[in-house]
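Asks: Sequence order for the protein chains is W and A.
Per the numbering used here, residue 21 is the first one in the first sequence, and the count goes up by one each step.
Per the numbering used here, residue 21 is the first one in the second sequence, and the count goes up by one each step.
Since the hints were derived computationally from the structure, they do not count as laboratory data.
Be aware that a few hints might be false.
Any copy, or any two copies together, can satisfy a pair, since identical chains are not distinguished.
[Claimed, not checked] Below 30 angstroms or equal to it, Euclidean Cα-Cα: the simulated DSSO-like pairs (lysine-lysine) are:
no., residue 1, residue 2
1, K260, K425
2, K329, K86
3, K102, K310
4, K115, K260
5, K23, K393
6, K253, K425
7, K72, K114
8, K51, K23
9, K253, K23
Protein chains: 2
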Amino acid sequence: MKKANCLVAQSGGPTAAINATLAGIYEAALKNDAIDGIFGGLYGIGGIIHGKTVDLKNILKDENIKRLRTTPSSFLGSCRYKLKYPDIAPDDYKKIFELFKRLNIKYFLYIGGNDSMDTILKLNAYQSKFSDDEKVMLVGVPKTIDNDLRCVDHTPGFGSAAKYIATTIKEIAWDTAVYDMNSILVAEVMGRNAGWLALSAGLARDTKGRCVSDLIYIPENPFDFGKLIDDIKKIQKNKKQIVITVSEGIRYSDGTLVAQSGKKDVFGHGQLGGAAKTVAEYIKLKLGVKVRAVEINVLQRCAAHCLSKTDIDESVLIGKKAVEVAAEGKTGVMITGKRTSGDIYSQELGYENIELIANLEKTVPENFMNREKNGVSEEGLKYLLPLVEGEINVEYKEGTPVYIKLDDFCDSL
Amino acid sequence: MKKANCLVAQSGGPTAAINATLAGIYEAALKNDAIDGIFGGLYGIGGIIHGKTVDLKNILKDENIKRLRTTPSSFLGSCRYKLKYPDIAPDDYKKIFELFKRLNIKYFLYIGGNDSMDTILKLNAYQSKFSDDEKVMLVGVPKTIDNDLRCVDHTPGFGSAAKYIATTIKEIAWDTAVYDMNSILVAEVMGRNAGWLALSAGLARDTKGRCVSDLIYIPENPFDFGKLIDDIKKIQKNKKQIVITVSEGIRYSDGTLVAQSGKKDVFGHGQLGGAAKTVAEYIKLKLGVKVRAVEINVLQRCAAHCLSKTDIDESVLIGKKAVEVAAEGKTGVMITGKRTSGDIYSQELGYENIELIANLEKTVPENFMNREKNGVSEEGLKYLLPLVEGEINVEYKEGTPVYIKLDDFCDSL
Chain W
21 MKKANCLVAQ SGGPTAAINA TLAGIYEAAL KNDAIDGIFG GLYGIGGIIH
71 GKTVDLKNIL KDENIKRLRT TPSSFLGSCR YKLKYPDIAP DDYKKIFELF
121 KRLNIKYFLY IGGNDSMDTI LKLNAYQSKF SDDEKVMLVG VPKTIDNDLR
171 CVDHTPGFGS AAKYIATTIK EIAWDTAVYD MNSILVAEVM GRNAGWLALS
221 AGLARDTKGR CVSDLIYIPE NPFDFGKLID DIKKIQKNKK QIVITVSEGI
271 RYSDGTLVAQ SGKKDVFGHG QLGGAAKTVA EYIKLKLGVK VRAVEINVLQ
321 RCAAHCLSKT DIDESVLIGK KAVEVAAEGK TGVMITGKRT SGDIYSQELG
371 YENIELIANL EKTVPENFMN REKNGVSEEG LKYLLPLVEG EINVEYKEGT
421 PVYIKLDDFC DSL
Chain A
21 MKKANCLVAQ SGGPTAAINA TLAGIYEAAL KNDAIDGIFG GLYGIGGIIH
71 GKTVDLKNIL KDENIKRLRT TPSSFLGSCR YKLKYPDIAP DDYKKIFELF
121 KRLNIKYFLY IGGNDSMDTI LKLNAYQSKF SDDEKVMLVG VPKTIDNDLR
171 CVDHTPGFGS AAKYIATTIK EIAWDTAVYD MNSILVAEVM GRNAGWLALS
221 AGLARDTKGR CVSDLIYIPE NPFDFGKLID DIKKIQKNKK QIVITVSEGI
271 RYSDGTLVAQ SGKKDVFGHG QLGGAAKTVA EYIKLKLGVK VRAVEINVLQ
321 RCAAHCLSKT DIDESVLIGK KAVEVAAEGK TGVMITGKRT SGDIYSQELG
371 YENIELIANL EKTVPENFMN REKNGVSEEG LKYLLPLVEG EINVEYKEGT
421 PVYIKLDDFC DSL
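With these hints in hand, go ahead and build the complete structure from the sequences.
Replies: Okay, here's the thing in structure tokens:
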């Protein structure tokens, strides 16, 4: 088989594990007999359209491949560019396939979430009438902290985000418990339509195994202030300090976001209030207790100082698998991982037709929440636990973790 | 010498290192020839007034003393109770000294910040006319993430908070850099009057040694929006994504807090806006660029998953020193640490009269900031660096760190 080049790009929101997948792809591509060179597409498909690529071959050595595995965010940059259909934006497609030709790209691996899989879907549909020789192997590689991709047990990046959230909620619960008074803390985590990240707060347990997030609310269940107050009052019977975790996307039964409150900023502009803030303000009004709202910020997607070893190891393997699948001549597919049956957790990698994944979402199944819909169930815990297990001792220098940047290695970006 | 008992309590805001000091005190007290039993005062002096104590002797074994060292928050609970003068609240003093007598307490060690040192000061003044036999050795033990105590090089707890902030700012900077567009992120850290924590954002460096927080503003220097915009424009010439760190307490030249904006919440109540949010909104208005405000939340004081080894080791030693100083018969003092001269960092422990410390504050010296007053200077860096160095591998179980609680060991609190 004639050797050709591979192009890899990253898309969507950053995660703490997306570069581990890139490291896996990089290592596997350099070793694969079908692949000659490896190029990086900068700033996702949006950058590729504008010809932004970099020759990655030989720029990363052993030490820096190891560092790349534990560097958060997107080493190649990212985009939120939604590719239009070919009849609306024919130039985009022309530019992309011209670039593929110019760089002799036969394998395009795109690491991203469900929007990014839509890019793979559209590019693959576009080349459906090409001859086999002209076709590029288009392979989607999953990543998203949201864990909302179909056809996979879970998504790379979710495990580390879940570990960070569980750790954070635990530390916040310890912080909240210091004063001898009634108080409520409302923590907000990401998740507009799917409550996976809020669910993972259920992993935060004390040494007696009790969940330290007393209540958890996710977007899958309609949010009701009356029920919230009832839930709080039940817990207050035995506990002074209460921790509540909510998804940013919790909404009332009519579909309105709780965060959608008509708040004005200091300059008089309307702004989104934040789910936790709105919930906290309501509790204060109703119960008159000390309440604090905490937004678990962007750190939940980029805290590489708190990685799940399982997540990083799997993310690397998924990258390697993607190279293998592309080199085998598969196109229009996404790499998948299925949990094997049996008591000891393991994952089997494969691939699936991209049409079954792109633009679709996977929400939290009903049985992963408890019957009161305000906490995680045993089944939910069983699902979550293996994904956050194991720690990685990231390299530190002068007190902070060593993370690399592309411009450490090449000047002209 | 007749043996007597020791009472230890914790006060003020939680830190990630205050329990390391408690662990040091616990270990040293058990071994000290002058000390018989060790009691814990619950919820600081506020709880002690109400007789809330627990016999700590023998409740913690080796494994759990090790866990206590890396457990965040206040193991014994805390308070923000400001002791009134004896002529105003004589009953408080009566109750405290009656408790001392009842439990045969000869040594009272109080771990806290400058408000807590005021408690030591007042109690010591109260007992000034007691006979030597009746006197209790009152020793303050420093802790505060704010690093604003006088007579010490730095405070226990600050190093871990600074390490967490530097790590977090680094990860946020990596997160911010992914999209190929101009953007500004404004991060807010704690510090009402002293900018030590914001200064520590200057420790976040890339592999080329460049500070990733492009601008840093602290309360010590009057904040001016005109200068901010000028500072940003200078950086924008060479950089698309900008990170700014501000102290919560930044204020205009007239002393008004930047955070003090007349914002209304969703229920129509006035509320404090947050310094970062106000700054972010102003930048958006003036420069029309994508801006995000991130509040580094309570995690900065309780993120025991990201401890500075230097801080924890020193905090334990300071606890041990406090027992030694109390057993030597010193009262009305606080344990101090002075940086030794020489190239290799080390700290020498001693003690100082509490009157020189209580109710006073130490702010950031002018030469620790650069000439433009928007970043850390070389001297500042030299001061900060040793305090955040070294990592601790905290024990994990089921994906999250193992932290202990007092009620794991005794039922009736």
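Asks: Pop the pair K115 and K260 into one bin, within, between, both or neither, using alpha-carbon distances up to 30 angstroms.
Replies: between (62 angstroms within a copy, 25 angstroms between copies)
Asks: Give the relationship of K329 and K86 under a CA distance limit of 30 angstroms: within one copy only, between copies only, both, or neither.
Replies: Both: 13 angstroms inside a copy, 24 angstroms across copies.
Asks: If the cut is 30 angstroms between Cα atoms, do K253 and K23 qualify within a copy, between copies, both or neither?
Replies: neither (67 angstroms within a copy, 48 angstroms between copies)
Asks: When no copy is named, should K253 and K425 be tagged within, between, both, or neither for a Cα gap of at most 30 angstroms?
Replies: Classified as between; 24 angstroms across copies, 50 angstroms inside a copy.
Asks: At most 30 angstroms between CA atoms: does that hold for K23 and K393 within a copy, between copies, both, or neither?
Replies: neither (55 angstroms within a copy, 56 angstroms between copies)
Asks: Taking 30 angstroms as the upper bound on the Cα-Cα distance, should K72 and K114 be classified as within, between, both, or neither?
Replies: So K72 and K114 pass the 30 angstroms test inside one copy only (15 angstroms; across, 76 angstroms).
Asks: Checking an output row: K102 and K310, CA cutoff 30 angstroms. Within, between, both or neither?
Replies: This pair counts as between: shortest inter-copy Cα distance 19 angstroms, intra-copy 44 angstroms.
Asks: Go through the copies and call it for K51 and K23: within, between, both or neither, with a Cα cutoff of 30 angstroms.
Replies: within (12 angstroms within a copy, 72 angstroms between copies)
Asks: Should K260 paired with K425 be assigned to within, between, both, or neither, using CA atoms and 30 angstroms as the limit?
Replies: between (46 angstroms within a copy, 15 angstroms between copies)
The structure shown violates the earlier hints numbered 5, 9.
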